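Given chain Z's structure and the hints, the job is docking chain C onto it.
In case you want the letters, here they are:
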Amino acid sequence: MALTRYSDGDVVISTDKIVTSTWTNNINNLTTNFTSSRQAVFTSPTSSGQFYLDVLQELSSSATAEIQYAVAYGNRVGSGSPDFTNDTGSFGIGASRTIYNQYRQLVFGDETQNFTFSSHTPDDIYVINVNRSRFKHALKPGTLNLHISGGIGDGTALTGPLKLTDDSVTATGSAVITNLGRQFNLVSGSNGLTSGSNINQRGNSSSYGLFYPDAGIIILNPDNFDSGPLIPARNSGLSTNTDRNHVTLALHIKNASSAGVGNFILDSEEKVTSQYYFTRAKNNEYNYTTNPSFQDESGNLNFTSMIDNPQTYITTIGLYNDSNDLVAVAKLSQPVTKDFTKEALIRVKLDY
Amino acid sequence: MGYLDNSSITVDAILTKRGRELLARNDGSFKVTQFALGDDEIDYTLFNENHPNGSQFSGEAIENMPLIEAIPDENNIMRHKLITMPRGTSKLATVTANIGKITLSLGSTTIVNPTTLNFNGLNNLSEPSGYSATIADRRLLTNFSGTGLKDISNAISILPYSGTAVSETIIGEGFSLTAINSLTLFGKNNKLITTLIIEGRDSGARTTIPVEISKAVVKSASFSGESGITTY
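Residue numbers (my numbering), protein chains in the order written: chain Z, 1 to 352; chain C, 353 to 584.
If you're looking for bench data, these hints aren't it; they were derived computationally from the structure.
Treat the numbers as computed from the prediction; the structure is a model and nothing was measured.
A portion of the hints provided could be inaccurate.
[As the list claims (entries may be wrong)] Partner residues aside, some chain Z positions facing chain C, computed with beta carbon under 10 Å: (1) Val11; (2) Ser14; (3) Asn284; (4) Asn300; (5) Lys349.
No residue lacks a Cβ here, since even glycine has one placed at the ideal position from N, Cα and C.
Looking at chain Z on its own, in the form it has when it is part of the complex:
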């Protein structure tokens, strides 16, 4: 007999949450930001660069460069980007309107609601969309530390970068549930803690944005940048519009700490389900082997001392289904001795 069936208590399922940095190579702080000239194309109103800008951690010519996140700008009346067709009946329909409607549909599920930050409803939004392969199952609330250089609202001159985080720690994890999962406010502060006691940090009327960790999306309130270079240009339509507000945002993230040095810390989390198989070899089991070096061609044991006290060595555990298919296998780091006086308990972990 070579196969033993697992009984009910031998198989245990466990789900564990694994947290890692979001960025390539597990870098904690993404300080370098590059764009690709192949993607950042603005030659026509429908070019990809008009809609979004991919940001990479290295020069796009590098073999190890990977997209970390994308930035986009949306405007509900179509300002800030060229119209797709600059003619009567099609004015105001361009990349910025497409982006606004796209995210509105994702978050609210209908075409009538607008993005409202506390009680303030701007015409437009900035979007930071973290690449799916980077954030795994979800971004981890309370780990966001995004710095953006430039001016902020209320006419106050900014002496340093604006330091944004989500309010998940301040709100003790309490979130609004939307079509995109949990929604937290984006506030001035760090590590999920709001600076001060009010999330409405611009004239007591609006937050800096919204954070959707389950979808990997950050939406910024552009009206909070109303006195600096990040004020969106809101020129209407025309085929020659070169506002490109998302390019400006990317530059201000890139240069947050100093020229070419940004500060973007964000962790992601993944749930890994493991199945544990408690594999037991009792004292009277598995003391002989079909290994050809254990016996001669006629089946006689090669060692006389093995007849009364056989000794085998476990190196491999094979997991089988009912059809005797070998579906998974595990190896030990060193052979485990097995004889009639020993029992072995091996916990085999299989991740999904």
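Just chain C now, with coordinates in the frame of chain Z:
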């Protein structure tokens, strides 16, 4: 005060190629229900009964051996299984077959009948639960089926397309193998080679038989009593 017993060992398992295939089917066939222990890599000739330090050190060379990582090919791992036998057993079961090497021409068929020696009083007889047979490259056979037992399992009749070798395991008292009747897989080769692994379902003993498909063309049998006539 002593150290805690660390007899519980944790190891990480990997899916075999067959496991991935069954998982992808999503039909419940992946479910792990049983286990076997193996001693792949162990060469028992390293067991030194005459060790100068005494019998406690007989297994010194084996016990200190570092092991390689698991490989995902189910045909090349768990080749040697540990088995449960009564204490005092002096002879172990061995599986033999009526054919030492299978050579098939295009479209021809052969039957393999394994028997077991030294198992519960069996001598050159079939095991009660039969045998499992695994062909390493199922693409080389048009028919691969078990014979002789009520609970035989036959290979699937329609093969999924595969650019690489895919193994298949069936159960039976004997096994029928029919070679492919097309030249597609040969390329510039005159023969294709694979292996058939037969394992006793009761004893755990196994034997490996080489299988060779030659490029010889077969005409359809046109008269009674003959099949697989080859022309060169």
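Status of the hints after comparison with the structure:
Given hint, Val11 of chain Z at the interface with chain C, holds; its Cβ is 7 Å from that chain's nearest Cβ, closer than 10 Å. The closest approach between the C-beta of Ser14 of chain Z and any C-beta of chain C is roughly 12 Å, which is over the 10 Å cut-off, so the hint fails. Below 10 Å, beta-carbon pairs count as interface contacts, and Asn284 of chain Z has one with chain C at about 7 Å; its hint therefore holds. For Asn300 of chain Z, the interface hint holds, the least distance from its beta-carbon to any beta-carbon of chain C being 6 Å, beneath 10 Å.
About 5 Å separates the beta-carbon of Lys349 of chain Z from the nearest beta-carbon of chain C, less than 10 Å, and the hint is met.
Hint 2 alone, counting from the list given before, is not met by this structure.
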